[in-house]
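Residue numbers (my numbering), protein chains in the order written: chain A, 35 to 356; chain B, 64 to 511.
Mixed in with the good hints, there may be bad ones.
[What the hints assert, rightly or not] Straight-line Cα separation of at most 20 Å, PhoX-like style, residue types lysine-lysine; simulated pairs:
hint	chain 1	residue 1	chain 2	residue 2
1	A	K246	A	K262
2	B	K457	B	K410
3	A	K262	A	K157
4	A	K262	A	K272
5	B	K506	A	K127
6	A	K127	B	K497
Read the hints as simulated data drawn from the structure, not as lab findings.
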Amino acid sequence: MTNKKFKQNTKDYEFGGGNIAEPPMRKRTRGFLNSKNVVPYVFVSPFIISFLILTLYPTIQAFIMSFQRILPGQVTFIGFQNYERIFNPAFFKALSNTTIYTIATVFVLVLVPLILAILLDSKFVRFKTIFRSALFIPSLTSVVVAGIIFRLFFAESESSIANQMIGLFGFDPVSWQYTGWSGMLLMVLIASWRWMGVNVLYFLAGLQNISKELYESADIDGANIFQKFLYITLPSLKPIMVFVTTISIIGGFRVFEESYVLWEGNSPGNIGLTLVGYLYQQGIQQNDMGFGAAIGVIILLIIFIVSILYLLITGGFKRGDE
Amino acid sequence: MKKLSLLGLLVLMLLILGACGGGDDAETNGGDAEESVVAGADLEDATELSFWTFAGTHADFYADAAEKWNEENPDKAIKLTVGTYPFDQMHNNLLLALQSGSGAPDLADIEIAKFPNFLKGDIQLEPLNDLIEPELESFVEERLDIYAADDIYYGAPTHLGATVVYYNQEIMDEAGVDIDSIKTWDDYVDAGKQVVNTTGKPMTTIPTNWYGIWPFVTQKESDFFNIDGEFTLDNEENIETLEFINSLINEHEIAEIAPGGNYHSEEFYGFMNEEGQASIVIPMYYMKDFVEYMPDLEGKMQIRPMPLAPGSETQSVAMGGTGTAVISQSEHTDLAKEFLYFAKLSKEGNIRLWTELGFDPPRWDVWEEPEVRADNIYYEFFHEDIFDILLTIKDDVAGINLSEYTPDVLSEIDSNIMHNVLREGNQTPEEALKQSADTIRQKMESAN
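With the hints as constraints, model all of the structure from the sequences given.
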């Protein structure tokens, strides 16, 4: 900012404010902070500061740590050794689990909330507030508590609720937490149950922003309900869908709690091992922080690449008017 | 007035932000223990000591000990704060505190499977040799060695953890088996077949974590690491052992996989309590679980040494456990060590381990003390000769060897070996052990 501009602004301010009784020094500081050039920075500073301290610094530190072996009192630089070890069967198992999980959750957590939101927004549904809060409450619940309930619900014994329910349809009891497909199903279920309400909220907000006039003119043109959905609702919701999909992808690759509450770190046959779970297991539970940091860097890269690809494909980088 | 002080606003926002940050910290880093017990709070000039544990019962035990310490040592009074944290969280926090060099307590309980993590790098725990060595002969040494590295003891044991077999007398009677006739594992298998045929109940269940293999491996005088620290997970004895365990389930069909996958789950407690199985192989400390979670079995359980493996005299193995360590960061290491001796290593401390916690004391010289032989709930629940049995096997208790890679082995056992061999049957014991051993070898090589 130029000195001239600064003075100019201060002057404007002094005329407008007329706070003559205060000492000149203080006036100047205040003027400085209130100037149009500075104010934006002041407002964004809490974010910038927290970003620098809580995100950027740890990221850089993790990057450095990924080249080290870290033990109490002994930190040694070991080059790429951590990275050389990463690509082992457990890591690939974690990667495939996480990818399947991400695809499944994105699928469920975009489609179902979209339908629910449209239902909740329509005039045919009664007690909307109750449904809305009922859908939203799970995201406020502690995932640890939810995990215990899910674990008991899907217990191995024949008398568990889930096994009794499938028993009604003539299926044999399933060892839910010990079989590959059902383990994944449980994780996706917990995630869906937990985040459904939040995504419904996003879509509801999007729906309420669609101008009613569009529907009115469609009515005049004789469009039926499906045409209105296809040509008005869906295109108008596209930005929201892109947004929800992006955060679901990022959330999917970062999955940890859903697996942790079910198996606490060691799942049978690694059916519940996720990338972050692997990081936690190796880095913290087994005190191999350098290796854990290297896994973290890889996860960062994966999320980065996938998100950028997705945003490029859906045009997330273009401005709305282009 | 339009002019709000922006600076004030900014400070306010930062404060809010800071408060949020603080809140998060407390949640993830466990700034607050789930529960904490304080002993000696009302004493003036008491030295403050902090203690982390993961078991509520241990917390009460140490708080009690601190009260007694203060009565006997008014000149060296302590104010002991014992915080109980969830298992994983406590060990993680302690590791991070030691790694970063600050924030650790004066004393901490460290579980056996986690202990090797704390023996890496420059060890941040205080040696306890000056406390233990003068009385070394009174201890079952195998238990002390578990918490040692290079002949330096870092952990005070909580119990001997002698592995025994608990038989359900009612089921055995129904099947017409005399439990004293079971001397070897072959006898055990025969008895098991009889039990399954007459009662339809399994002789035992096998947990899919290390409790389902380590005791048997150790009894065969093998281990995952030998005495010199060499890696032996896939050696001949271990493959044979896993084949034997597999045969119990898949060949002789006298065993099943433990409901819930381990002996410490709600599902298993319920199953056992309803007389779901005839016997269980587990360390002595499980007495407490019986008393607490399986009350219907009162008076029905009989404790016996493990059946013998062919060519081995080992009657029991020291398994499970928790070592209490004095942390080097502490400003009062000497006092903390003295207190630790008083609480857990002394004769009186060992007697209290039995009377208050129901643990088999690691000092065998207290096994015949009148206080230990005095009636308590454990004698009522089980039978009178618990310690006579221990005395007969005291010289035949095998210990385990820990290495810094033991946590990796245990994790492989939990997630791959037992699952693939016993539950899925898609790998032979040899294949599973070799595959896991290769994974760990790879890690060991790259770390050196």
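_Check the hint pairing K457 of chain B with K410 of chain B against an upper bound of 20 Å on the C-alpha distance._
Between K457 of chain B and K410 of chain B the Cα gap is close to 17 Å, so the pair holds against 20 Å.
*asked:* For K246 of chain A and K262 of chain A, compute the direct alpha-carbon distance and say whether it is at most 20 Å.
replied: holds (11 Å)
_Satisfaction of hint between K272 of chain A and K262 of chain A, Cα-Cα up to 20 Å_ = holds (15 Å)
_Pair hint outcome, K262 of chain A versus K157 of chain A [Cα-Cα no greater than 20 Å]_ = holds (15 Å)
*20 Å Cα cutoff - pair K506 of chain B, K127 of chain A*: Measuring from Cα to Cα gives roughly 17 Å; hence the hint holds.
*Given the hint that K127 of chain A pairs with K497 of chain B, test it: the Cα-Cα distance must not exceed 20 Å.*
With a Cα-Cα distance of about 19 Å, the restraint between K127 of chain A and K497 of chain B holds, given a limit of 20 Å.
Violated hints: none; the structure is consistent with every hint.
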